[in-house]
Amino acid sequence: MGAAQGTELLRRLQAASLRAVSSEPQLELRGGTAWKHGLPLPYNAGHLYPRLDGSDIRLARGASDGLALRTRHSSLECHQSRLPESDGGRFIFELLEQLRCESLCSLPGVKANLRHTFWHWAWQFHGSTLAETDLGQLLWAVCVLAHAKVNGVELPTDIGDRIETTRAAFPPGLGAAISNLRAIRHDQQAYALIAQEIASLVDADISARRAARGRSQPPARSAKDVRGFTLHLDVANEAQHYGKAALSDGGASAADPGNYRIFTTAFDRQIPAAQSIRRAQLEKYRQTVDDIAARSGVNQPLLSRQLRALLCQPDVDGRCGGAEQGLLDGSRLAQLVAMPQERRIFLEDQHCSAPYAAVSFLVDCSGSMRHHAPQVAAFLHLLLRALERCDVPSEVLGYTTGNWNGGRALAAWRKQGAEPNPGRLNELAHLVFKTEEQSWRNSRLSLGALLHQPRYKEGIDGEAVRWAAERLGQSPAERRLLIVLSDGSPSDAATGNANGESYLQHDLVNAVWAARGTGLDVGALGVGLDMSNYFGDCSTTLDTGQLATAQGIREFLQLLQRMLRIR
1 MGAAQGTELL RRLQAASLRA VSSEPQLELR GGTAWKHGLP LPYNAGHLYP RLDGSDIRLA
61 RGASDGLALR TRHSSLECHQ SRLPESDGGR FIFELLEQLR CESLCSLPGV KANLRHTFWH
121 WAWQFHGSTL AETDLGQLLW AVCVLAHAKV NGVELPTDIG DRIETTRAAF PPGLGAAISN
181 LRAIRHDQQA YALIAQEIAS LVDADISARR AARGRSQPPA RSAKDVRGFT LHLDVANEAQ
241 HYGKAALSDG GASAADPGNY RIFTTAFDRQ IPAAQSIRRA QLEKYRQTVD DIAARSGVNQ
301 PLLSRQLRAL LCQPDVDGRC GGAEQGLLDG SRLAQLVAMP QERRIFLEDQ HCSAPYAAVS
361 FLVDCSGSMR HHAPQVAAFL HLLLRALERC DVPSEVLGYT TGNWNGGRAL AAWRKQGAEP
421 NPGRLNELAH LVFKTEEQSW RNSRLSLGAL LHQPRYKEGI DGEAVRWAAE RLGQSPAERR
481 LLIVLSDGSP SDAATGNANG ESYLQHDLVN AVWAARGTGL DVGALGVGLD MSNYFGDCST
541 TLDTGQLATA QGIREFLQLL QRMLRIR
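At position 281 of the sequence shown (counting the first as 1) the number is 281 in this note's numbering, and the numbers step up by one without a gap.
Simulated from the structure, these hints should not be mistaken for lab results. Possibly wrong hints are sitting among the right ones.
Said to hold, decoys possible - Straight-line C-alpha distance at most 25 Å; calculated DMTMM-like pairs for lysine to aspartate or glutamate:
#1 K284 - D268
#2 K111 - D158
#3 K415 - D329
#4 K415 - E501
#5 K284 - D203
As the list claims (entries may be wrong) - Restraint-style ranges between C-beta atoms, simulated for each label pair:
#6 A20 - D543: 51 to 61 Å
#7 E324 - E478: 29 to 39 Å
#8 R209 - R115: 22 to 32 Å
#9 E478 - G127: 47 to 57 Å
#10 G127 - S179: 26 to 36 Å
#11 E77 - D56: 31 to 41 Å
#12 L9 - D134: 40 to 50 Å
#13 R441 - E478: 42 to 52 Å
#14 N405 - E478: 41 to 51 Å
#15 N180 - N405: 57 to 67 Å
#16 N405 - I184: 25 to 35 Å
Cβ coordinates follow ideal geometry from the N, Cα and C atoms, glycine included.
Work the whole structure out from these sequences, hints included.
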């Protein structure tokens, strides 16, 4: 198992644990953050997001357990209604609510995971440059003392010694308030009042210490030590972008593309992928793809049987006579009279496998994907051939831009005065490599166009997903699967510069959620990059060299199984 597969397996196990402990089957884990109904849940306690490299599995367990307990025991609406405005106050209030939820767990294994993850984070905090100031020491002391008091355990002796001086300098009432938390941990509203009081006391003490120095410091949200340890998180900022929609259960606003704008569609185009490429060049590309596929070692008959088992279902294809059981065949009654011992007088249903699904592949044709193009083309070559043997409808689409850096769309925007927040600023180029009606054999030349380097420019993923979903939505198949092949986040320099770096990323999340809301199954195959931030559990990761191999095909089949199972 490669590093990418190991990371992907760990993430899937975390996600499964998250859903099991929280009793929330709708939860997803994207980039270490819990998502529900297409929105990130703003849980901002620092120890929920450890850096995972696979060397300490207990950190992953503790993180998913902490997220699950927060979901299970905390009302997001109640919590956010009392959230302090100051950074220091928010930091303390978030931590105290997380500790409350964790203290309500009675499972010994989960409690051990939580304890391990908290202390791993606490010692990172203590070892960072942030804890070298008196303010950092104050926050650290409050954190470890609150952890002990809320969980009803004694502080380790060495920890007690470390915080003794800081604890003695606590503002009046702080220590008593922390001690009162455990008794009311089952009542979130009552607990929140005490937590607010603690946050206010800490915040006032921080302000007093800063005033005593005679200087004003910037907000602590950007506080980060030289080793990369961050005290305040960006999860809250992400949730603020989505607004109060995170409080609703329906999540309809996540699928609302109303905030996404397009400056102009005048230069957008949808073209056959092989257009404007010489036939001799396409033949050369096709030969390259054929050679890679031939060296792949993939057993085509076996792959066809595996796809048939996933994407087809038994169906009755007429009846055959001369059977020894089934329905009586009226045309053979005379035979029965003449030969009473004859038993082959019945009609029996004749079964076959009929496809109940359609598959559409959407290929990222941005600049970074050009290095993976030969492997991607061979991978699709193998799958399309096997899908055709199963009579499963398939389509291959691609997306890029017509120009670098905005092209004519950017020039038109500047000509009209360059108003702020114009929306998407580039020329879309949507490519059709294979339609559902085309056979695998007839699309081989067009598939070779994936190797045409000049096609690869920038990528606007959200609109491409909507386009592919609209085409797939016209299929009469019972299950319709859209699979995106990409190696990264949406990227368009002109749009990002004019609207903000995360503009296209947010639109991709919305587009995926909207497509799923119409009944489509949307997944992703990340080429060397985890795509779970956008596609959740319906994603897998492959190293480039594994695409057109038996291992890559196995990973793809497992992705199909998950997509068909999750609904």
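Evaluation of the provided hints:
no.: 1; hint: K284 - D268; in the structure: violated (29 Å)
no.: 2; hint: K111 - D158; in the structure: holds (22 Å)
no.: 3; hint: K415 - D329; in the structure: violated (80 Å)
no.: 4; hint: K415 - E501; in the structure: holds (23 Å)
no.: 5; hint: K284 - D203; in the structure: violated (68 Å)
no.: 6; hint: A20 - D543: 51 to 61 Å; in the structure: violated (30 Å)
no.: 7; hint: E324 - E478: 29 to 39 Å; in the structure: holds (34 Å)
no.: 8; hint: R209 - R115: 22 to 32 Å; in the structure: holds (31 Å)
no.: 9; hint: E478 - G127: 47 to 57 Å; in the structure: holds (56 Å)
no.: 10; hint: G127 - S179: 26 to 36 Å; in the structure: holds (27 Å)
no.: 11; hint: E77 - D56: 31 to 41 Å; in the structure: holds (34 Å)
no.: 12; hint: L9 - D134: 40 to 50 Å; in the structure: holds (44 Å)
no.: 13; hint: R441 - E478: 42 to 52 Å; in the structure: violated (27 Å)
no.: 14; hint: N405 - E478: 41 to 51 Å; in the structure: holds (43 Å)
no.: 15; hint: N180 - N405: 57 to 67 Å; in the structure: holds (59 Å)
no.: 16; hint: N405 - I184: 25 to 35 Å; in the structure: violated (58 Å)
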